[in-house]
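Chains as they are written, first to last, in this note's numbering: chain H, 6 to 332; chain P, 6 to 332; chain W, 2 to 338; chain X, 2 to 338.
These are computed hints drawn from the structure, not numbers from a lab. Predicted, not measured: the structure shown is a model, and the values here were computed from it. Any given hint might turn out to be false.
[As the list claims (entries may be wrong)] Cross-link-like lysine-lysine pairs, in silico, DSS-like; alpha carbons within 27 Å at most:
1. 146/H - 16/X
2. 202/H - 200/P
3. 197/H - 197/P
4. 148/H - 200/P
5. 148/P - 187/W
6. 16/X - 148/H
7. 267/X - 16/X
8. 197/P - 16/X
9. 183/W - 327/W
10. 41/H - 183/W
11. 41/H - 187/W
12. 328/P - 200/H
13. 202/P - 202/H
14. 144/P - 327/W
15. 183/X - 267/P
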Amino acid sequence: MSRKTAQKPDMQPELLVEMYRKMVRIRRFEDAIHLKFLDGALPGTVHLYQGQEAVAVGVCANLRTDDVITSTHRPHGHAIAKGVPIKSLMAELYGKSTGCCKGKGGSMHVGDASVGMLPAIAIVGGGLTIAAGCALAFKLKRKDNVAVSFLGDGAANEGDFHEALNMAAIWDLPVVYVCENNLYGASTRVNKVMKVKDVAERARAYGMPSAIADGNDVLAVYECVREAIERARSGGGPTLIECKTYRRCGHSRSDANAYRDKTEQQEWLARDPLVIARDKLKAVGALTDEDSDTIEAEIDAEIEEAFAFAEASPLPAPEDCLKDLWA
Amino acid sequence: MSRKTAQKPDMQPELLVEMYRKMVRIRRFEDAIHLKFLDGALPGTVHLYQGQEAVAVGVCANLRTDDVITSTHRPHGHAIAKGVPIKSLMAELYGKSTGCCKGKGGSMHVGDASVGMLPAIAIVGGGLTIAAGCALAFKLKRKDNVAVSFLGDGAANEGDFHEALNMAAIWDLPVVYVCENNLYGASTRVNKVMKVKDVAERARAYGMPSAIADGNDVLAVYECVREAIERARSGGGPTLIECKTYRRCGHSRSDANAYRDKTEQQEWLARDPLVIARDKLKAVGALTDEDSDTIEAEIDAEIEEAFAFAEASPLPAPEDCLKDLWA
Amino acid sequence: MPKLTYGEALRQAIKEEMERDERVFCIGEDIGIEGGFGGAFTVTLGLSEIFGHERILDTPISEAGLTGVAIGAALMGMRPIADVQYCDFLFCAMDQMINEAPKIRYMSGGAFSVPMVMRAPVGATARGAQHAQSVESYFAHCPGWKIACPSNAYDAKGLLKTAVRDDNPVLVFEHKKLYGAKGIRKVEGAIDASSEIPDEEYTIPFGQARVVREGKDVTILANLRMVYEAGFAAEALAEDGVDAEIIDPRTLNPFDYETLYRSVRKTGRLVIVHEDTLTGGWGAEVAAKVMEDVFDYLDAPVKRVCAPDTPAPFSPPMEEFYVPGKERIRQGVLSQQ
Amino acid sequence: MPKLTYGEALRQAIKEEMERDERVFCIGEDIGIEGGFGGAFTVTLGLSEIFGHERILDTPISEAGLTGVAIGAALMGMRPIADVQYCDFLFCAMDQMINEAPKIRYMSGGAFSVPMVMRAPVGATARGAQHAQSVESYFAHCPGWKIACPSNAYDAKGLLKTAVRDDNPVLVFEHKKLYGAKGIRKVEGAIDASSEIPDEEYTIPFGQARVVREGKDVTILANLRMVYEAGFAAEALAEDGVDAEIIDPRTLNPFDYETLYRSVRKTGRLVIVHEDTLTGGWGAEVAAKVMEDVFDYLDAPVKRVCAPDTPAPFSPPMEEFYVPGKERIRQGVLSQQ
Ligand SMILES: Cc1ncc(C[n+]2csc(CCOP(=O)(O)OP(=O)(O)O)c2C)c(N)n1
Ligand SMILES: Cc1ncc(C[n+]2csc(CCOP(=O)(O)OP(=O)(O)O)c2C)c(N)n1
Ligand SMILES: [Mg+2]
Ligand SMILES: [Mg+2]
């Protein structure tokens, strides 16, 4: 297991800025969605991604469009990072027929074949074996694509984790498991349900390499994952990467986070991944205050547009319920 | 993880002889059953235990009657070691109403409440979470009993392994997992389906202690398990013990073992646990050649008696099919 | 008599049973964390403060594990009340639910029993296909499970208490729209399923259906949330001149055919309503049985009004189409007249 | 035309499909090991020598894992043929079988599909409750799975080939007593299900039942092994003066109601036979549908002859009682006359 802290990024400044822009897009999108939910404008429930932006963005910056990801009940950040247009994402949350799943999926199942995002699987752990299967397909087809499977700390206690990682390891599949350890599965703190300190420790049980990254530092995530992706792409097999992070929001729609320790919360909230990224970009001269203001303004406009699109879009016809089951 | 080789046993000679006797009982029982199967006298299929006797016996010698074990599709050895009378065991294999499950269970589900053997679970891995539950019951009832769960190397790749060991670990349950690594799950060699060399290595992923024992040496098994049982009994939590062993027989009724390497087979078959035990007992003066002849003759008589009992016992009435579902 | 919500009644049942019998304990995800949810639908809220964390046992996200643990504990004489957050997750524990819990007693020749309860919330609530199923029928097909499906707080309490005392595995299906959660945890389209709960202790025996509404023209058999939709339909039907009798089976196994047949003999017509999907649903079994046993009393084929044979869609207009409602039930009844 | 056993016909189907389409591969436990079993019932025996271990992929004992892997590969455009050694183990992969494979396409709004096949052997063979189930009904209730259940070698080959080419998840249930294994792997009470297999390639479309025997007095609907037991019963019934028509549905979803109704309209009587347990079995659905659609043609209630509502017992006399056989079917028919 290796621990990664970000080195000086040997990246194009444009790529750095692009990552930052994506993080802002996710943050603003989720903040906006949260308000709409509180207003009662959106049906069902939602699991928001604020605080974990650096993970989705740092990971997906390593991926090509035809690489694929599997996601979870908390998928908006992954979707945006992988390139799902926020219009169709937003429309899906509204249950509109212009949504990325035509309103059939909802928040927990967003996906988009054209950008390599499988429909999110809301069964905790459910995406892990599927990602291994995608990777197997790449291998059988002799393609150099990679599958990335996002999971939470909680998912690491599901039997699927065990079966998936073992299979990925024995067949040297091109898959990277990215565990976002945000310290909680719903209201349950990770130390109550797992004796090991690091989820990454578990990779050893499968003879799989692992690494731990600061999940609030997009550059750290990027670099850590890059190594794993390169290994996977070149036939070197899977990796388990643990990103230490924290959610800024509640678990789902209605959660006051009363089960979280206040000091812990303060410490983590002080490490805002957006601030960390902005400061780093500024330090290397890739971003000015002006740039970042512009980015925020642009993103806000995008989001406004997405809301307008979603709200103006038609609801599916009731009988559309009967479509799309069979190919 | 600790590796155990047998020290000089600080055990009563009677206990040593008793262990040897049990090993002989298992071996002779299985050999006899095998012949009956080849004769077509027994219905269904059977998974025999020859070669692994030292494990069941070395483990169960540490247990009280009111400690419990869970077993697998290969349960006869566990049953005999835990004290299920071979008459009722034999009758069960014959499908007789005097069988330990009244003919309802058959070879793969033998059990006996009065000696602490749960009905064997033929779903690979299925017994592991159940054993944790038994241990939880002991803990909640403030009893100092222990549950032991036998599993194969193949079972260590089932998701249940992961969930069970994790739960056992976080709650410090009085359960000992005994993995009989006989190098094969059916026809599949362990190295094809697992990158780690030792199943015991996996305990670390749960923060659980583990140990490896020579599974063909009953004293090694006994001592290794004793430590784990004592820890569990006194509130120190679970252990994963891996016993390295080999089956002398095929996987099930009809298996010529063509998938096994001949050299490997020869090497392992040369390490007959019965011979090893007998030689050790002789070396410490606990057994003479005469004693061992007597034991064998006594066991053969027991088995003859068991056959006679089973064969003379009535078959269940067809309509008994409808009984025993509901409490 | 205090009025309790469905969720409160379930909580009271658990509390009373835990006080009565120290072998009873709860096991599940997020059920007893301080400051947490008290289970996905708050049923166990506050109980860990009373009974401690040993008896309100929070688990990892490991459904197979917690179900297996419940089975093992039950085999050793405990009385676990296990739960999954959504019934959809029962499929993660299906080996335990089908191959172990309901079979162990039988395959041991009656030597062991598994006195466990599994609670599971069913029903569609705009959360998409993996959080929306009604899965009663999968289990109604499996020999060895008793199945309760309370439609109101009174039944919820009485049936859950009976479940805990039963020596067999019992599944209790609860409907998400009936819990009566308030404030931020309120579910859209929730139905008031609260009841006056007697001060004296009571239990409700399994296998006793409840005649919810008497009528003479048609029998509507409905469970869980569908009892309410059937009620709305019956009101509308009254204006159509059709007098509907509504029967809530309360338990699917054992099933009270006697009460149902009594009604069908009177009305000559039966409409079965469930939120579980149509094909192979438990309504098919009831329809088949009715035909086998009271064929000659039927004036029309038994009609089923159920969710269509698709997964549950997310978007509200489609979900409303999916879940049988008042109007679809009414049409079902009228089409049969 | 060579005569092949059921197992050989399945093997030939797999071989032909793998030759035809390089996206097709097999995944399962012990399916391709040298010197090994070639699957629990030898269906894939010898195929790894032809296609290599990448396309005949041996897995760890991880049913959830291998099913999830099959789903993922299918999502990426491969055509996996997965198998479990006994259908009972499908419950270890039930999240994948119920929550993923049949729902992913729907919840993606049709953007993704899961063209996978899952093969699973059913039926009681004196191995006890966890190796004996017939589980068709659990899946017949789940929207999104097509289900084939071939009763002979000809159908086995043709249906499996169709399954591989279908763009949806397809379950193929095979009966252990039909494989036709020989020598030491022979199963007690095995039935000869071999067929003449045409030299030309063929497939059998889903949703086309087969009239196994024509008759005018009663329709017996039976699948898998029960087709044979129904045949034996029909012979005995002929001596009782009852001329039975036997229909093998071949696929449970889609289900060929047209052929069934044509028969029922002629005979006025229907007896459904399956080895899966009675309550909530697929026969209940068929009975309910028949009543809904051809009520007026029925001269008697539909009768079901199925396994009783218990797990499968081990001991042969009890197992024989459990599995519907010739005499029980005959009595079922006679009781209806
Ligand atoms: C199999 C399954 N069990 C339980 C749930 C309910 N549930 C939804 S999210 C969640 C917590 C997940 O925790 P984690 O994996 O750490 O992800 P996070 O929510 O922290 O992103 C739970 C228990 C579920 N969706 N699926
Ligand atoms: C869940 C499940 N999958 C597959 C099987 C079929 N099966 C029976 S025994 C066996 C091999 C088990 O290997 P291992 O755990 O090493 O035990 P061993 O047979 O070596 O004692 C398999 C695959 C099963 N019984 N249960
Ligand atoms: Mg988490
Ligand atoms: Mg083994």
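Hints and how they fare:
no. : hint          : verdict
1   : 146/H - 16/X  : 19 Å, holds
2   : 202/H - 200/P : 23 Å, holds
3   : 197/H - 197/P : 34 Å, violated
4   : 148/H - 200/P : 24 Å, holds
5   : 148/P - 187/W : 43 Å, violated
6   : 16/X - 148/H  : 24 Å, holds
7   : 267/X - 16/X  : 41 Å, violated
8   : 197/P - 16/X  : 24 Å, holds
9   : 183/W - 327/W : 25 Å, holds
10  : 41/H - 183/W  : 20 Å, holds
11  : 41/H - 187/W  : 16 Å, holds
12  : 328/P - 200/H : 44 Å, violated
13  : 202/P - 202/H : 24 Å, holds
14  : 144/P - 327/W : 51 Å, violated
15  : 183/X - 267/P : 26 Å, holds
Violation of the numbered hints given earlier is confined to hints 3, 5, 7, 12 and 14; the remaining hints are satisfied by the structure.
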